[in-house]
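Turn these sequences into a full structure, and let the hints steer you where they fit.
Keeping their order, the protein sequence lines are chains A and B.
Counting along the first sequence from 1, when you hit position 223 you're at 223 in the numbering used here, and nothing is skipped either side.
Counting along the second sequence from 1, when you hit position 216 you're at 216 in the numbering used here, and nothing is skipped either side.
Since the hints were derived computationally from the structure, they do not count as laboratory data.
Please read these numbers as outputs of a predicted model, since none were measured by experiment.
Mixed in with the good hints there might be a few duds.
Said to hold, decoys possible - Anything over 12 Å on all C-beta distances counts as not near chain A; from chain B, calculated:
id : residue
1  : Gln98
2  : Lys225
3  : Ala239
4  : Glu267
5  : Gly278
6  : Lys328
7  : Gln338
8  : Gly383
What the hints assert, rightly or not - Which residues of chain A face chain B? A partial, calculated answer using Cβ under 10 Å:
id : residue
9  : Ala142
10 : Leu167
11 : Lys170
Stated by the list, open to error - Just so you have them, the derived chain A footprint on chain B, three or more residues with Cβ under 8 Å:
id : region
12 : 43–55
13 : 212–222
14 : 243–257
Cβ atoms here follow ideal geometry from the backbone N, Cα and C, with glycine treated the same way.
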Amino acid sequence: MDIFLQQLINGLVLGSVYALIALGYTMVYGILELINFAHGEVVMIGAMVTLAVVNALMASGVDLPGVVVVAGGVLVAVPVCMALGFAIERVAYRPLRRAPRLAPLITAIGVSIVLQNVAMIIWGRSYISFPPILPATRHDIAGAGVTDLQIFIFLLALVLMAGLVLLVQKTRIGRGMRATAQAPEIAGLMGVNVNAVISFTFILGSALAAIAGVMVSAYYGIAHYYMGFLLGLKAFTAAVLGGIGNIAGAMLGGLLLGVIESMAAGYIGDITGGFLGSHYQDVFAFFVLIGVLVFRPSGLLGERVAERP
Amino acid sequence: MKSRLLALLLSALLFNLAACGKKDASPAAGGEEVIRIGAIQPLTGPQAHLGKDNENGTRMAIDDANAAGTTIGGKKVRFELVSEDDQADPRTATVVAQKLVDAGVRGIIGHLNSGTTIPASKIYYDAGIVQISPSATNPKYTEQGFKTAFRVMPNDVQQGKVLGDYAVNRLGGKKIAIIDDRTAYGQGVADQFEKAAKAAGAEIVAREFTTDKSTDFMAILTAVKAKNPDILFFGGMDAQGGPMIKQFKSIGLNAKFLTADGGSTPEFIKLSGGAAEGAYSSLPGLPLDKMPGGKDFAERFTAKYGQIQLYAPYCYDAVGVMIAAMQKAGSSDPAKYQPALAGISYDGVTAKVSFDQKGDIKDGAITLYQVKNGKWQVIETVGGPASASAK
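This is how it looks when you write it as C-alpha cells:
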C-alpha cells in the first residue's frame, strides 16, 4: 500500500474543508479588516442543524436513501447559517464599525462563546453521531484507498471554490465586494451599497461554513458543540498561510495546511525516532502559523488589503 | 468614586472571608447536622456525558441516604452534594479541588479521570479530606502513599494484564499496534497492556499517540496500517474510540480492535456509526446484571436519570462506603472516619467493598466484552470474588 499517497489523500480531504472555512475568514478580512472569530461556530451550527434534521428524518421512519436525507439536512442548515451570519454582522460588528479594532475582536469572541453555549443548551454536551447512511465504498488508487465520501468532499469543495471565484470576478455583487475591499468610502460614493455588500459577504461565507460543517461531521462521523473552535483556528491559520484577504490564498492555504498536517502526523514518529509523536498533529498548524508570521507575514500569495493606501 | 469602589471590593472580600470561615458542618434549621460531600467530574467537554453519569450516581446515593434518615453517632444528619466541574483538565481539577476543600466538604467522590484524580489527590491529602475515586484506574493514584486516597474500582495493572493476555493468547495477536490519548488514564492502561502483550510473546509494531480532544485519526491510522498489525489497541475514552474505529474501518484496516474501560460505553457504539461491531473491551468489575445490587440499581437509576453510561454504580458505592465508614466511626470528621474506611467491609451495589493497604479495592474483577448486534455483550469475567466462588 502506498502510504505517501494515502496520507496525501487524507490531507487533501481535510484541507478542502479547511479551505472552505478559510474563505469565510478571508472574505470578511478582505472587506472589513476584521477577523470574525465566530466563524468556527457557524461551521459547528451548520453541522449540528444538519445532524438534527438527519436524525429527525431517520427517526420519522420514512425510508429515504442516505444521500437524500443528508441533502435535506443541508437544505435546512445552509439557510440557517446564512441567517446566522447576517445576524452576527448586524448585532456584533456593524454597531462597532467605527470603533477601535479591538472592540469588534472582543464581540467576535463573545459571539463565539454565546453560540457555543446556545448549541450546548439545544443539543447537549455529548458528541452527536452521524448515522452511517452515506455510501462508503472504497476504491483502490495505486495502492491507496479512497472512499466515495472523500472524493465527493474534495470535488464539492473544488466546485464551490470555483463558483466563488466566478462570483467575485464576474458578477455585479462580486464587483461590489472587490470595490468595497479596496476603499469602502469611495465605493459608497460610487453608488455601491456598502452595507448590503458586507451583509452579503457574511451570508456567503456562512453558507460555505455550513457546508464545511456538514462535510466534517459526515467525514468523521461526529459533531459536538465546541467542534468549531479548533476548526476555526486551523482555518484561520490556513487563511493566514495563503495571505489573509486573498481568496486564492485561502484555498491554497487550506489544502496545503491539510496536507502538512497529515504528512507530519504520519511521519513525525518515524523521522524523530519516536521523540515527537503523532499527537502533535494539531500543533503543526500552529507551527505553520508562527512560521508564516515570522518569515512571510503577508502569506504565500500576499495580503490583498496590503494594496490599500 | 474610587474610594467607594474600594469599599465595595473590601466588603466583597470580607464577605468571602466570612463565607470561608463557615467551614464546619453547622446545625441547620431543623436541628440536623448538614454534611457536605464534594463530587468532581467533567460536566462540560467531550466527557460530559460520563461526568453527568457520575454526578447522577453520586446524587442518587445521597438522596437515598437522606431519604433513609441516616444517623451518625446517634444524631440525625442530612447530606448535601456539592458538585463541581473539572472539565477533565488536570489544572482545572486542582483549582476546583481547592474550592471544595475551602467549602468544608467532609469527603470527595471523584474525580472521573486518572489525569485529574492524581494531581487533586495531593490537595485532599494535605487538607486531610478522604477521597474515593469511583473510576480513576491509573495505579499511581494509590501508590503515592496518601492515606486519604481510596478507589472502588480495580486498577489498570490488572485490566491491562487481562486485555494483553486475551489479545495474544485468545485472539492470536502477533503484531500489535497501540494508540493512546496521552492522558494519565490512556497512557497508563496502554503501558500496562503493552507490558502484558510483550510478556505473552507479541511484537509491538507501532506505538502512536493522539489527544483526548482529537476527532481526526486518518493520518495516524494510515501510519499504523503501514505496519500491518493484526490487533489495534486504543487506550482512551469513547469520544475518541468511536470515531477512531469508524475511520479505521474506512481506510480498510483489517485488524481486531481492542479498547479498555473508557471505551466500554453505549456512546462508543453510537459514535462509531456501526463500525464497532466485533470490537473488544474490558471493564473493571462485574457486569451490571452480575453485580450484587446491579439489577435493582439499574432499574431505579434508569427510571430517574435514563441510561447508565458507565461508572454511576461505582459512584453510588463510593458514597455508600463513605457514609458507612462515618457511621462506624460515629463522626463525619475525615480524620476520625478514615481509619474506619480503611478497615471496612461493605456490601455495595457493585461488589463487596474492602480496601488493601494502598486503598485499592480487594479482589477486583475484570470483565471482557465484545460488541455483538450493536451492544456490548459479556464474554467472560476474570478474577474477583464471583469467579472465586464459582470455582
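Evaluated hints:
Distance to chain A confirms B:Gln98 as a non-interface residue, since its nearest Cβ pair spans about 24 Å, more than 12 Å. Not every CB of chain A lies more than 12 Å from the CB of B:Lys225, the least distance being 7 Å, so the non-interface label is violated. Consistency note on B:Ala239: stated as away from chain A, yet its beta-carbon is not over 12 Å from all of that chain's, at 5 Å minimum. With a minimum CB-CB distance of about 7 Å to chain A, B:Glu267 fails to clear the 12 Å threshold, and the non-interface call is violated.
Listed as outside the interface, B:Gly278 is consistent with that label: its C-beta sits roughly 15 Å from the nearest C-beta of chain A, beyond the 12 Å cut-off. Every CB of chain A lies more than 12 Å from the CB of B:Lys328, the least distance being 38 Å, so the non-interface label holds. Taking the minimum C-beta to C-beta distance to chain A, about 34 Å, the non-interface status of B:Gln338 holds against the 12 Å cut. For B:Gly383, the requirement that its beta carbon stay farther than 12 Å from each beta carbon of chain A is met, with the minimum near 32 Å.
Hint status for A:Ala142 relative to chain B: violated, with the closest Cβ pair at about 14 Å, above 10 Å. Hint status for A:Leu167: violated, given a least beta-carbon distance of 30 Å to chain B, over 10 Å. Taking 10 Å as the C-beta cut-off, the interface hint given for A:Lys170 is violated, the closest approach to chain B being about 35 Å. For the region 43–55 of chain B, the assignment as covered by chain A holds, since 7 residues bring a beta-carbon within under 8 Å of that chain's beta-carbons and 3 suffice.
Counting residues of the region 212–222 of chain B whose beta-carbon sits less than 8 Å from any beta-carbon of chain A gives 8, enough to reach three: the coverage restraint holds. As drawn, the region 243–257 of chain B meets chain A at 6 residues by the rule of a beta-carbon pair under 8 Å; at three or more, the given contact holds.
Of the numbered hints stated above, those contradicted by the structure are hints 2, 3, 4, 9, 10 and 11, listed in ascending order.
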